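S.K.: The primary structure of each chain is shown beneath.
4 protein chains.
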Amino acid sequence: MQIEAGVHGFVVLGSLGENGTLTPDEKQEVVKIAVAASRRKIPVLATVAETTTAGACKFVEKATANGVDGFMLLPGMQYLSDRRETIQHFRTVAKASTKPIMLYNNPVAYRIDTTPDMFAELADEPKFVAIKESSEDVRRINDIIKLVGDRYQIFIGVDDLAMESQLIGAVGWVAGLVNAFPKETVTLFELIRTKRNAEALELYRWFLPLLHLDTSVKFVQYIKLAEMMVGCGTEYVRAPRMQLAGDERKRVESIIRSALKKRPTLPKV
Amino acid sequence: MQIEAGVHGFVVLGSLGENGTLTPDEKQEVVKIAVAASRRKIPVLATVAETTTAGACKFVEKATANGVDGFMLLPGMQYLSDRRETIQHFRTVAKASTKPIMLYNNPVAYRIDTTPDMFAELADEPKFVAIKESSEDVRRINDIIKLVGDRYQIFIGVDDLAMESQLIGAVGWVAGLVNAFPKETVTLFELIRTKRNAEALELYRWFLPLLHLDTSVKFVQYIKLAEMMVGCGTEYVRAPRMQLAGDERKRVESIIRSALKKRPTLPKV
Amino acid sequence: MQIEAGVHGFVVLGSLGENGTLTPDEKQEVVKIAVAASRRKIPVLATVAETTTAGACKFVEKATANGVDGFMLLPGMQYLSDRRETIQHFRTVAKASTKPIMLYNNPVAYRIDTTPDMFAELADEPKFVAIKESSEDVRRINDIIKLVGDRYQIFIGVDDLAMESQLIGAVGWVAGLVNAFPKETVTLFELIRTKRNAEALELYRWFLPLLHLDTSVKFVQYIKLAEMMVGCGTEYVRAPRMQLAGDERKRVESIIRSALKKRPTLPKV
Amino acid sequence: MQIEAGVHGFVVLGSLGENGTLTPDEKQEVVKIAVAASRRKIPVLATVAETTTAGACKFVEKATANGVDGFMLLPGMQYLSDRRETIQHFRTVAKASTKPIMLYNNPVAYRIDTTPDMFAELADEPKFVAIKESSEDVRRINDIIKLVGDRYQIFIGVDDLAMESQLIGAVGWVAGLVNAFPKETVTLFELIRTKRNAEALELYRWFLPLLHLDTSVKFVQYIKLAEMMVGCGTEYVRAPRMQLAGDERKRVESIIRSALKKRPTLPKV
Numbered sequence: 001m002q003i004e005a006g007v008h009g010f011v012v013l014g015s016l017g018e019n020g021t022l023t024p025d026e027k028q029e030v031v032k033i034a035v036a037a038s039r040r041k042i043p044v045l046a047t048v049a050e051t052t053t054a055g056a057c058k059f060v061e062k063a064t065a066n067g068v069d070g071f072m073l074l075p076g077m078q079y080l081s082d083r084r085e086t087i088q089h090f091r092t093v094a095k096a097s098t099k100p101i102m103l104y105n106n107p108v109a110y111r112i113d114t115t116p117d118m119f120a121e122l123a124d125e126p127k128f129v130a131i132k133e134s135s136e137d138v139r140r141i142n143d144i145i146k147l148v149g150d151r152y153q154i155f156i157g158v159d160d161l162a163m164e165s166q167l168i169g170a171v172g173w174v175a176g177l178v179n180a181f182p183k184e185t186v187t188l189f190e191l192i193r194t195k196r197n198a199e200a201l202e203l204y205r206w207f208l209p210l211l212h213l214d215t216s217v218k219f220v221q222y223i224k225l226a227e228m229m230v231g232c233g234t235e236y237v238r239a240p241r242m243q244l245a246g247d248e249r250k251r252v253e254s255i256i257r258s259a260l261k262k263r264p265t266l267p268k269v
Numbered sequence: 001m002q003i004e005a006g007v008h009g010f011v012v013l014g015s016l017g018e019n020g021t022l023t024p025d026e027k028q029e030v031v032k033i034a035v036a037a038s039r040r041k042i043p044v045l046a047t048v049a050e051t052t053t054a055g056a057c058k059f060v061e062k063a064t065a066n067g068v069d070g071f072m073l074l075p076g077m078q079y080l081s082d083r084r085e086t087i088q089h090f091r092t093v094a095k096a097s098t099k100p101i102m103l104y105n106n107p108v109a110y111r112i113d114t115t116p117d118m119f120a121e122l123a124d125e126p127k128f129v130a131i132k133e134s135s136e137d138v139r140r141i142n143d144i145i146k147l148v149g150d151r152y153q154i155f156i157g158v159d160d161l162a163m164e165s166q167l168i169g170a171v172g173w174v175a176g177l178v179n180a181f182p183k184e185t186v187t188l189f190e191l192i193r194t195k196r197n198a199e200a201l202e203l204y205r206w207f208l209p210l211l212h213l214d215t216s217v218k219f220v221q222y223i224k225l226a227e228m229m230v231g232c233g234t235e236y237v238r239a240p241r242m243q244l245a246g247d248e249r250k251r252v253e254s255i256i257r258s259a260l261k262k263r264p265t266l267p268k269v
Numbered sequence: 001m002q003i004e005a006g007v008h009g010f011v012v013l014g015s016l017g018e019n020g021t022l023t024p025d026e027k028q029e030v031v032k033i034a035v036a037a038s039r040r041k042i043p044v045l046a047t048v049a050e051t052t053t054a055g056a057c058k059f060v061e062k063a064t065a066n067g068v069d070g071f072m073l074l075p076g077m078q079y080l081s082d083r084r085e086t087i088q089h090f091r092t093v094a095k096a097s098t099k100p101i102m103l104y105n106n107p108v109a110y111r112i113d114t115t116p117d118m119f120a121e122l123a124d125e126p127k128f129v130a131i132k133e134s135s136e137d138v139r140r141i142n143d144i145i146k147l148v149g150d151r152y153q154i155f156i157g158v159d160d161l162a163m164e165s166q167l168i169g170a171v172g173w174v175a176g177l178v179n180a181f182p183k184e185t186v187t188l189f190e191l192i193r194t195k196r197n198a199e200a201l202e203l204y205r206w207f208l209p210l211l212h213l214d215t216s217v218k219f220v221q222y223i224k225l226a227e228m229m230v231g232c233g234t235e236y237v238r239a240p241r242m243q244l245a246g247d248e249r250k251r252v253e254s255i256i257r258s259a260l261k262k263r264p265t266l267p268k269v
Numbered sequence: 001m002q003i004e005a006g007v008h009g010f011v012v013l014g015s016l017g018e019n020g021t022l023t024p025d026e027k028q029e030v031v032k033i034a035v036a037a038s039r040r041k042i043p044v045l046a047t048v049a050e051t052t053t054a055g056a057c058k059f060v061e062k063a064t065a066n067g068v069d070g071f072m073l074l075p076g077m078q079y080l081s082d083r084r085e086t087i088q089h090f091r092t093v094a095k096a097s098t099k100p101i102m103l104y105n106n107p108v109a110y111r112i113d114t115t116p117d118m119f120a121e122l123a124d125e126p127k128f129v130a131i132k133e134s135s136e137d138v139r140r141i142n143d144i145i146k147l148v149g150d151r152y153q154i155f156i157g158v159d160d161l162a163m164e165s166q167l168i169g170a171v172g173w174v175a176g177l178v179n180a181f182p183k184e185t186v187t188l189f190e191l192i193r194t195k196r197n198a199e200a201l202e203l204y205r206w207f208l209p210l211l212h213l214d215t216s217v218k219f220v221q222y223i224k225l226a227e228m229m230v231g232c233g234t235e236y237v238r239a240p241r242m243q244l245a246g247d248e249r250k251r252v253e254s255i256i257r258s259a260l261k262k263r264p265t266l267p268k269v
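Residue numbers (this note's numbering), protein chains in the order written: chain U, 1 to 269; chain W, 1 to 269; chain Z, 1 to 269; chain P, 1 to 269.
Chain U on its own, in the form it takes in the complex (with noise of 0.2 Å):
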């Protein structure tokens, strides 16, 4: 349903998604399968989100070997490492791999902030091309951009900031709400690529409260929520993680209906 849409790439294992709950070989198929369903017409790139850089490069080693195009990087999971060592982990496990790796930046969910200045201080590896920024704080963009120009392509990943981010820099989104609104999701970005403003803002705020379920911690059972409500899939977690209830269910409920009930007719692009 997203390659017919138009996406331009998979992103899969998301790291604040349920990779973590994943045995070493569950994530060897979810790739694979990935990997299959992309035929080879888009890019897939595979989340490295491991608890160490020994288990990160291993990691690597066998997704490449199923046939990942690309990985998306994150700090080592739980502890909480500094700035050396993060470096350091980023650059062990670029050493273990032979594909082009974005960035994956997110204080706000992980502690570890990858500042613009440790952006630069990393530009000297090849293979980090991409950055993926959720910061939730717009200014990084430019800052990174005042350090190293264009040296990384700079993707936005929090949803209600893909708009703001792309008119002042970032050229990519990695989308969550892409999961349940494809089309929105794919018009939005080109409306904004090529310039047409005023009707990308009219479709961005008609999005904004779905977008807004990709900032919560609870985002995974809000965006299965809605894959539910469209009808492209089920709201199956694993434990911890529980399906809504009560209350916050009918308010996330009644957040997806009343944008269904006033979905857009979508602009050419």
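Certain hints may be false.
Copies of the same chain look alike in the list, so a pair counts if it works inside one copy or between any two.
[As the list claims (entries may be wrong)] DSBU-like mimics (lysine-lysine), calculated; alpha carbons at most 30 Å apart, straight line:
1) Lys-32 with Lys-127
2) Lys-261 with Lys-146
3) Lys-195 with Lys-41
4) Lys-262 with Lys-146
Hint data in this document are derived by calculation from the structure and do not stem from the laboratory. Please read these numbers as outputs of a predicted model, since none were measured by experiment.
Using the hints provided, position chains W, Z and P relative to the given structure of chain U.
M.R.: Coordinates of chains W, Z and P only, in the frame set by chain U:
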């Protein structure tokens, strides 16, 4: 060495420690070694810090088979479960266990807070016999006691609040610096337990700069450095953790060296 | 100088600035000077940042008598009023005013958050005509618009989010660095307003290291240093504020000097 | 009533209280009333919580003329002064004072932290005789003592850490609930001072739900409600503060009512 010093039990596989860097098989190896070292003279607790509830149950079963006497149980790692999910996780693991369980609360590190009223709600599960309180807020101890009296044995899990906590209600201490300073730790604990407060306070004040090392993101490296400096361990850590370097290393070495220079003769307890 | 550069209005007695260091009489002196300087060509707004609601009403009455055209209104200073108290404060001051009011939201500095739904609730008071949004979260702008459409004129109050904010819905900018760089500020504003985005982005990127100075606890000293370095002000501050010294001074001087070295020729607007 | 109950001193014009809502003249009225009420039997300290250093010096001069015995000194209000500015502020006010000064540290409320090493640096000013520690981190008490021994009399300023703090080094308590429960406060203090720990702990546990009211943003309204319910005060507050209402009022009333129902017979001290 810890047994000779008089510790009353072992807790292995510390969650903030290197638990997350071990494979399932390695964890069971650690369990076996600890059980053997205890020679059944003191109880061995194994830390349950898995990313899924199912994984936690599996760990519990294996560690029981390997001879542990009980568990220290955390919420699922990585995902920030809400109240309902956290309680469900605890109850499910309790069902899978035939051994008593100490619930571990550390919202500073894990951002999941098991509040006093949650402990009250969990009081109907007889396997939950103790609490390790590491919120860094000593008020919690009496808040729990106000709600459920002496239903739980409350252990303080924060080294540099050990004395305050025991003076106002905690009955035990899951210590960190005990790895490098077992005699001092046991002596301090016994002085407080037997109400020799003036002597305890004198020892505590000497000990505090070392005990502060327990409440840092880098406490694993700090305590391992202390172990090495007193001659009972190595500094080896798994990446992304790295051995201390530069100014940080100098600062911690200097704290440890200052304390060693004034190391007190311990009173009989 | 600001008038020549084309600013559309004055806001005096900045709340985070030195408002709190002035006596009631001094504040009215500032109002009179600003009204005289404006020569009725541009409107003058006075900031209402008192510790009590009664004091705020008194200030409003005197400043109105002294000729201001409107007010920028904050919650009471020092006390962290809750939602009910904050709304009551705003409404009471509105009753005491015959002039239009811009509500100022800055939870970063004041720890009181006037959320989008509070602005919706306050929409029935016709004196509230505008909002200065300084939450540093640009998502707020569209959240307000989703709730109340164009009921309020939304101004961005954070210099280094000026461009993002105007591109997605803000219609004005209460600027900080305008004190030292009025022409650059006005040119940037006009370029964005007239959709000359590529030129705006080029100027914005040059400007950003300076605009970052606006979002610091020390922004008063930083901007005064910039004013001095461009030859239009002094560094004098009232204690406990002190003039910058040491490494911090060097760092800020270097930022300003670098920007001046590459100061661009401004496009016609 | 407080004098009869045996308090050892008054501190008036509480900074987090209504200090900020009073005019300079009103503040001096409060000073005069307190000095008269004390009948020179107990010392009266006036809180210095002004927005400028100059204003703080002026307040000190007037309050001295009106008979206070000393001061409780805070950093300047509203502006978040840095280390250098905070120390300069303290020293300048000390120069303007002929009376001894208690330095008040409350980073939770004021976001300015006077750290133990700052107290060490300030130790050369003989007018600084005491510290009111309200960081909510009891470790600070021994950190200060480690640095400067008994150079300062350390008072705990957080009601619900009163017992812990005195047991490990604080010699005094600037109490909040003393306004409504003077006898309980004095009895608790004396029990701890005379090492009757078991009796102290029993009283403390009864008292804690009330003492928790001291560490809330709304503690002024909470304590005034308690005063009214025990029959020794009114609920009047100045806007933007409002009297408690709705669920919050019910919750606090219920806490106070529960405590009153089980009010203990106090041991002789």
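S.K.: Determine for every hint whether it applies to the structure shown.
M.R.: Against the structure, the hints come out as follows:
1. In this assembly of identical chains, Lys-32 and Lys-127 lie within 30 Å of each other by CA distance solely inside one copy; the values are 23 Å within and 42 Å between copies.
2. Taking identical chains as interchangeable, the C-alpha atoms of Lys-261 and Lys-146 lie at most 30 Å apart only when they sit on different chains, with a minimum of 15 Å there against 43 Å within one chain.
3. When the C-alpha separation of Lys-195 and Lys-41 is checked against a cutoff of 30 Å, the pair qualifies only within one copy, where the shortest distance is 26 Å, while the shortest distance between copies is 36 Å.
4. When the C-alpha separation of Lys-262 and Lys-146 is checked against a cutoff of 30 Å, the pair qualifies only between copies, where the shortest distance is 13 Å, while the shortest distance within a copy is 40 Å.
Of the numbered hints stated above, none is contradicted by the structure.
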